[in-house]
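Residues per chain, in single letters:
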Amino acid sequence: MAISAQAAGAAQGMTVVARTQTQLVRRRFFRHRAALIGMLVFGGIVVLAFSSIGFGPLPGWWDKSYLATGAVVDQGRPTLSLVPQFLGGEGLRWGEHPFGQDNIGIDYFALTMRGTQQSIIVAFIVGFVATTVGTLAGAFAGYFRKKVEAILMRLTDVMITIPVLIIAAIVGRSFGDSGIVVLAICIGLVTWPTLGRLIRGEFLSLREKEFVEAARALGTSSSRIIFRHILPNTVGVIIVSATLAIANAVLLESALSFLGVGVQPPDVSLGQLIDTYRSAMTTRPWLFWWPGVFIIAIALSINFIGDGLRDAFDPRQTRVRA
Amino acid sequence: MIAFIARRLIVSFFVLLAATMVIYALTALAGDPLEDLRELPGPDRDRKIADRIERMNLDVPLPLRYLSWLGNLFRGDLGVNRDGQDVSVLLGNALSATLQLVVAATVLAVVIGVIVGIVSALRQYSTFDYSVTFTAFVCFSLPLFWVAVMLKQYIAIEFNDWLRDPVIPPTVIAVASLVGGLIWAAVLVGGRRARLAAFALGAAATAVTLTLLSATRWFADPGIGVVGLAVLAGGTAVGVTALISGLRHRDPLYAALSAAGIGVILSQVLDPVLADPSWLEIFGLALLTVAVCAGLGYALGGLLRRQAILAAVLTGLVTAGLTFLDRMLRGFADYSDYVRGRPIATIGSSTPNFKGDFWQTNLDVAGHLLLPTMALILISLATYTRYSRSSMLEVMNLDYVRTARAKGLPERTVVTKHAFRNGMIPITTLMAFDFAGVIGGAIVTENVFGWQGMGSLFLRGLQQVDPAPVMAFFIVSGSAIVLFNMLADIIYAYLDPRIRLS
Amino acid sequence: MTNHPSETGEILRVEDLVVEFPTEDGLVQAVRGVSYSLHEREVLGIVGESGSGKSVSSLAVMGLLPRGARVRGRILYRGDDVLKLPARRRRGLRGRKIAMIFQDPMTALNPVHTVGDQLAEAVLAHDLVPRKQALARAREMLDLVGIPQAEQRLRSYPHEFSGGMRQRAMIAMAVINNPDVIIADEPTTALDVTVQAQILEKLLEVKDAVNAAIVLITHDLGVVAGIAHRVLVMYAGKPVEIGVTDTIFYRPRMPYTAGLLGSMPSLETSGGRLRPISGAPPSLINLPSGCPFSPRCPLAEDRCRAEEPALGEVDEGGHYAACHHWDQLAAVADPTALFRTESEPVT
Ligand SMILES: Nc1ncnc2c1ncn2[C@@H]1O[C@H](COP(=O)(O)OP(=O)(O)OP(=O)(O)O)[C@@H](O)[C@H]1O
Ligand code: SF4
Ligand SMILES: [Mg+2]
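Residue numbers (this note's numbering), protein chains in the order written: chain A, 292 to 613; chain B, 37 to 538; chain C, 235 to 581.
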């Protein structure tokens, strides 16, 4: 006896929603102020790191190299000053060695930029590998259930008893000196299970939905259902967790490098810089400060971007219900 | 329930077994265990290499090596490291320090995180909520090792220096009062007037407390004292009752207040017993406290007996805890002299060769635990805060919470009885995950603070491609994680009858 | 149908109730001026499509709206404006004088507490009595709503109950304190068709047992047909027609009501085919000017699109409708025929 216009209205509503989904997400994201600031900060760091000292064959605008040693000026103190003169500071000044020099006279700005580049690359590769593997595994397990699921669940059970840092440290010990790309791929290959579980949960709930039933009733193949029908509906979850995985990877890489089982010299990364100079903490604290500040800025801005994306894709949390 | 636990144990056993296989193989293949010897000059070289090959069974193929390790493990033998030291001995020394660190961090993170998260959820969109959310994000993004180094460098060293003449400068008092007032104003919801009042009260209270502490040079010889104990216990009684049953009906309040009173009196009467107790005695006293307070609640609770018992027991336990703290602090001055005025330790997990009574030993341990725990706790704290906040927000919007309100229950009951328990269900699942993270973090923390704990056992073993110590580390941490997982499952089953019965 | 109780005292009176939700997308005007009164032992039906503001207006009466909702108007319980009462007194009314039954019994009970505990709690919220006594009262109520083996059932958890039993438990919870008013928000919508009738019957039986009045919310005119004394029809947050049930059914004076009647199967109208009203209700954020029903109304003309009709008396006996052209409906024999398409035969 229900008013069936209701259904018609709902159906109309659905198509409208579907058409503007992307716009809606974009609009919600751009309303998230912290996420926008995060975007700006992270974008700024990337541009700074890659344009200053250049990357690969590309030259940068900074005239010093992260490899060249030199005379240590003023005990290697940073020449950067941000406090204007009328506030009693030394004025806004960039100077010869804005971030100072290390004990053998390497320009610390160049070194920090190099570390930032490497840390960002590692984090993105780890995030990409973990997300891809996690999504595929979670998707198959969530859709096929039974065997595949059992295997995946047992596998994640096993991985969950091993703290991420432990397994990553062991992998890092093996592949630390094979270059950052190999290292990052290997870390990605051991950190996907949490993500896999998440995606599986999402698939489990979606595979019960009517549109999947309908597709199955029409005889659509499983792979088509997974990739055409379900996967697009989990994009939100995947993008958000990928973002957060990258933020975590920044921290994980720096922790591994700090412990000496991550990026190995002559490669540099932010964590490895802190490890190298930790004994200089009392005499040259800036050697410790700068990489730390960059790690925090990167992780914080990516975390905020992730939060903005989550709000944009899943606004449930921010809306009040009757 | 027992069947449930047994099944979980069996599954966990096999899961752990599989994990040992993975870790053993990966560790053994992580590098060349003879690397350092190969570069040795001189005639010893070949003999040393042969020795090590012998000790580490390197001439046996990896799968067999694993099996023989496993066989030994079942006989209770953890093997020797590459230098021939018995791993069980190494482990024994490392174990307790690390466990203390990990357990302290987890418990504190859960308790504080859940409380802050709930308050934040109940005050959604308030200044407090925004500040908590922002702080949580910052904590998520802090590299643990960096924080640890900072704490060590700035907090510990500066604080110890300051303790020599513990006078709080007026500017610090002013700023702290301002912050204190802001926090109170932010937690409270209400009109502008109420907020202003909260701000003024909070700021004034902070200012008075700090001035008093500074003027009496409290930090030089801290303690709570009978008066302090009485005030704090009474306050706890009122607060706990307000939360559990409200203050409109007096019976539970009387029960809680008498629990506090008896606690304070006993803390003085029992002085000789508490002179140099053992942990067993402390535990016995705790049980006694629970029994006595439950009796008080039962006798005085009237129609609100259930609530009265809970309020009395909680008050009694808090009072007992305060007594413990007071006792510990009494030894502070002596201890501080012993460590030459540097009670906040930055290296190691206890002062070498320190001999003191029960209280001083605990003080020593606490002094060493303080900074590593603070560092280690940050990420977990942020996680628990975020999760309990969003879990509470979600639950508070559910239909049955609306039903509870529709019955005319006071908001306090709606939150504590209906929302809280349901909101904690997802937190138990999180606990299991987070615990593994804390163990990982402990490795980093120990490294920074120079503890000879399990973390260094693991790291050194890994660097030297020496599976025995690495595996010892994993057997302990893996079992702890499994046990913790199970604890989480049991709490889950307790909280959610749907699981319990199926 | 029992005698119309309008002669008896008035217990609840809602005047010009307005509820708005500020949201990111704008102000949602969920309820835009609802007025009604409820007499002792009366059954008032509130009918309307999904989203017409039925639940929101009753939550406003209960004081259960989510934070951030803006409420204006007056809600008088026995002459006291509950919106002006201090929070504690308002809570004292909730569950004791005015009780509510919700739409979805599957989610309305707390899964982690026993049914007995949740029932007893409703007693203990208002009266400090021994727990035993509260549980005994709970058992009595379970008996009353027809749950067998009430004693054991007190110790069951909600997930051990079927949907129908849970709704019975909700009814028991609503009447456990002998309230004056029960607001039942679509109490049968979420249930199996087979148990719907039983639950309604039980609700009426229990109402008589405790002498309460009922506000029965539904989007199904059929439900109120044999039960309600009066019916209030809501559209887009406003009452568009109110009157004694028979008048509403046989002499609707508002095209929307007529449309609802036409979409019901097998009331003595002809055809037997469902004739849904085409189109969807308007968005409550940017309401167009004029009559909110005009985009879907077969009688709509320029005036309707320019000017929103007020609720006016169309008949004696308290029959009010909000339509510029109510007299056109009065002129035809079968107003529901308005919604028939031309190709269909008109009887
Ligand atoms: N918390 C809220 N925030 C914003 N809009 C809300 C909120 N609660 C309800 N609404 C809106 O108010 C309108 C009326 O909702 P209400 O729940 O009263 O409808 P209803 O008539 O009960 O419908 P149904 O038959 O579906 O229960 C709806 O459009 C809804 O979207
Ligand atoms: S006012 Fe006009 S549009 Fe509105 S219901 Fe009446 S006839 Fe239809
Ligand atoms: Mg509704």
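Source of the hints: derived by calculation from the structure; they are not laboratory data.
Any given hint could turn out to be false.
Lysine-lysine pairs mimicking DSBU-like chemistry, simulated, CA-CA at most 35 angstroms apart [stated by the list, open to error]:
#1 C/436 x B/453
#2 C/366 x C/331
#3 A/500 x B/453
#4 A/437 x A/500
#5 A/355 x A/438
#6 C/318 x B/453
#7 C/366 x B/391
To see whether the hints hold, each was checked on the structure:
With a C-alpha separation of about 30 angstroms, the suggested pair residue 436 of chain C and residue 453 of chain B falls inside the 35 angstroms cut-off, and the hint holds. About 23 angstroms separates the Cα atoms of residue 366 of chain C and residue 331 of chain C, which keeps this hinted pair within 35 angstroms; it holds. For a cut-off of 35 angstroms, the pair hint linking residue 500 of chain A to residue 453 of chain B stands: about 34 angstroms separates their Cα positions. Simply put, residue 437 of chain A and residue 500 of chain A have alpha-carbon atoms about 19 angstroms apart, close enough for the 35 angstroms limit, and the pair holds.
For the hint pairing residue 355 of chain A with residue 438 of chain A, the CA-to-CA distance comes to about 57 angstroms; that exceeds 35 angstroms, so the pair is violated. With a C-alpha separation of about 28 angstroms, the suggested pair residue 318 of chain C and residue 453 of chain B falls inside the 35 angstroms cut-off, and the hint holds. Between residue 366 of chain C and residue 391 of chain B, the direct Cα distance comes to roughly 57 angstroms. Violation of the 35 angstroms bound is thereby established for this hinted pair.
Hint violations for this structure: numbers 5, 7, all remaining hints satisfied.
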